[in-house]
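Trainee: Top line first, the protein sequences correspond to chains A and B. Numbered per full-length UniProt numbering, the first sequence spans residues 1 to 201. Numbered per full-length UniProt numbering, the second sequence spans residues 1 to 201.
If you're looking for bench data, these hints aren't it; they were derived computationally from the structure. In this text, all values refer to a predicted model and were calculated from it rather than measured experimentally. Note that the Cβ used here is the ideal one computed from N, Cα and C, for glycine as well. Misleading hints may appear alongside valid ones.
To be verified - Some, not all, of what chain B presents toward chain A, calculated at C-beta under 7 angstroms:
no., residue
1, Pro9
2, Gln16
3, Leu20
4, Gly22
5, Ser27
6, Leu31
7, Val46
8, Leu49
9, Gln50
10, Val52
11, Phe65
12, Glu98
13, Met104
There are 2 protein chains.
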Amino acid sequence: MPSLDYPPPLQRLIAQIRTLPGLGPRSAERLVLWLMQDGGRIEPLVDCLQDVGQRVEACEQCGFFIERDEACVLCHSPKRNPRLICVVEQAVDVLRLERSGAFMGHYHVLGGKLSPLDNVTPDDLRIEPLIHRVKTHPVEEVILAVGSDVEGEATASYLSDLLRMEGLTVSRLAQGMPAGGGLDHVDELTLYQALQGRRQI
Amino acid sequence: MPSLDYPPPLQRLIAQIRTLPGLGPRSAERLVLWLMQDGGRIEPLVDCLQDVGQRVEACEQCGFFIERDEACVLCHSPKRNPRLICVVEQAVDVLRLERSGAFMGHYHVLGGKLSPLDNVTPDDLRIEPLIHRVKTHPVEEVILAVGSDVEGEATASYLSDLLRMEGLTVSRLAQGMPAGGGLDHVDELTLYQALQGRRQI
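One chain only, chain A, in its complex shape (with noise of 0.2 angstroms):
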């Protein structure tokens, strides 16, 4: 006689649980129950995530989170200046820059890293999108605001090559950052630190 379980959609629930950053198998198992309490524990969060999948979307040009159909705060607000663009890895990064308020210039999202290990290569990146961009709005300066990691600085400088090429001002984030780390250890101070002593390279 097989050993009883949990009927196969919750045992379906918990595995896909699992995947998720930070949740191990008990931890899954846990939070599952938890939603099977009560009943109505299940449908909020659908809700949400529906919600989210349904009406977020990434701006196309620079990458951070809009509502379908919204214009993007950020490209579109007079107050900041285009002529100034921060390069950063992921849409949360944005965030952590505004919240240290050193920055009122543009934003340009690229997904990722070069990282030739885990099949990061320039095309999985929005590299291409980021030259067209400068090609033809009047940017004169990027920031790379890159991870001081070796994936972070193989991105710099294959950056800093392409836009170098266009005749662009290109800086990078000063070695306030932690090395060997990316954005997301860095504290709001720091970070405003790294932001005003950015170093031309």
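Starting from the known structure of chain A, fit chain B onto it as the hints suggest.
Mentor: Frame of chain A; chain B shown alone:
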């Protein structure tokens, strides 16, 4: 000017994820941004959640999870002893006892334990169905496999009074369980010993 934040649907999803057990604000944000990558990560999760919401329910008799319109394997197994009912707090406790291999009777999931501080009264638990069940079925003994914390002891005491009035033998898991803890902190061997050494009350 208000500081930049995620679009409202994304903010609502992060807030919803934060209500799940074991997830703080930072891990909720990380989880949601992970879901937003590559586009295709929300849909399988929604599918699994909806599948569970639509197809998994509690068995009317024992309270363990079953697939809708399917017979409960626990209540309908001819190999199980219907004269013995094991009362547990949560459906997950059924799995824990099954894995210990020490019990071959029927189960009854209460759905919690008495806790006046949290407004959990006898009406909130499946106590009425339990009394009805022992009156209409040939039950001889009820094992109260609830935790040995204050609420668990109160629940056991309340139930044993009711069940002894029905002329039943009522027993409790042996004190092999760690004092002050619920079933979720017990390893399978301890649980086995606790079942074998149950004492009549």
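Trainee: Min Cβ distance, Phe65 (chain B) to chain A: is it shorter than 7 angstroms?
Mentor: Since chain A brings a Cβ to about 5 angstroms from Phe65 (chain B), closer than 7 angstroms, the hint holds.
Trainee: At a threshold of 7 angstroms, is the proposed contact between Leu31 (chain B) and chain A supported by beta-carbon distances?
Mentor: holds, 5 angstroms
Trainee: Close enough to count: is the Cβ of Gly22 (chain B) nearer than 7 angstroms to one in chain A?
Mentor: With a minimum Cβ separation of about 5 angstroms from chain A (threshold 7 angstroms), the hint on Gly22 (chain B) holds.
Trainee: Identify whether the interface hint at Leu20 (chain B) stands, where standing means a beta carbon of chain A within less than 7 angstroms of its own.
Mentor: Nearest chain A Cβ about 5 angstroms off; hint holds.
Trainee: The hint names Leu49 (chain B) as touching chain A; please verify it with the least Cβ-Cβ distance against 7 angstroms.
Mentor: holds, 5 angstroms
Trainee: Using 7 angstroms as the Cβ threshold, decide whether Gln50 (chain B) counts as touching chain A.
Mentor: holds, 6 angstroms
Trainee: Taking 7 angstroms as the limit, does the beta-carbon of Met104 (chain B) come near enough to a beta-carbon in chain A?
Mentor: violated, 10 angstroms
Trainee: Interface hint check: Glu98 (chain B), Cβ to nearest Cβ on chain A, cutoff 7 angstroms. Holds or violated?
Mentor: holds, 4 angstroms
Trainee: The hint names Val46 (chain B) as touching chain A; please verify it with the least Cβ-Cβ distance against 7 angstroms.
Mentor: holds, 5 angstroms
Trainee: Taking the least C-beta to C-beta distance, is Pro9 (chain B) closer than 7 angstroms to chain A?
Mentor: holds, 4 angstroms
Trainee: Hint Val52 (chain B) vs chain A: min CB-CB distance below 7 angstroms?
Mentor: OK, holds: Val52 (chain B) within 7 angstroms of chain A, min 5 angstroms.
Trainee: Have a go at the Ser27 (chain B) hint: is there a Cβ in chain A nearer than 7 angstroms to its own Cβ?
Mentor: holds, 5 angstroms
Violated hint: 13 only; the structure is consistent with all others.
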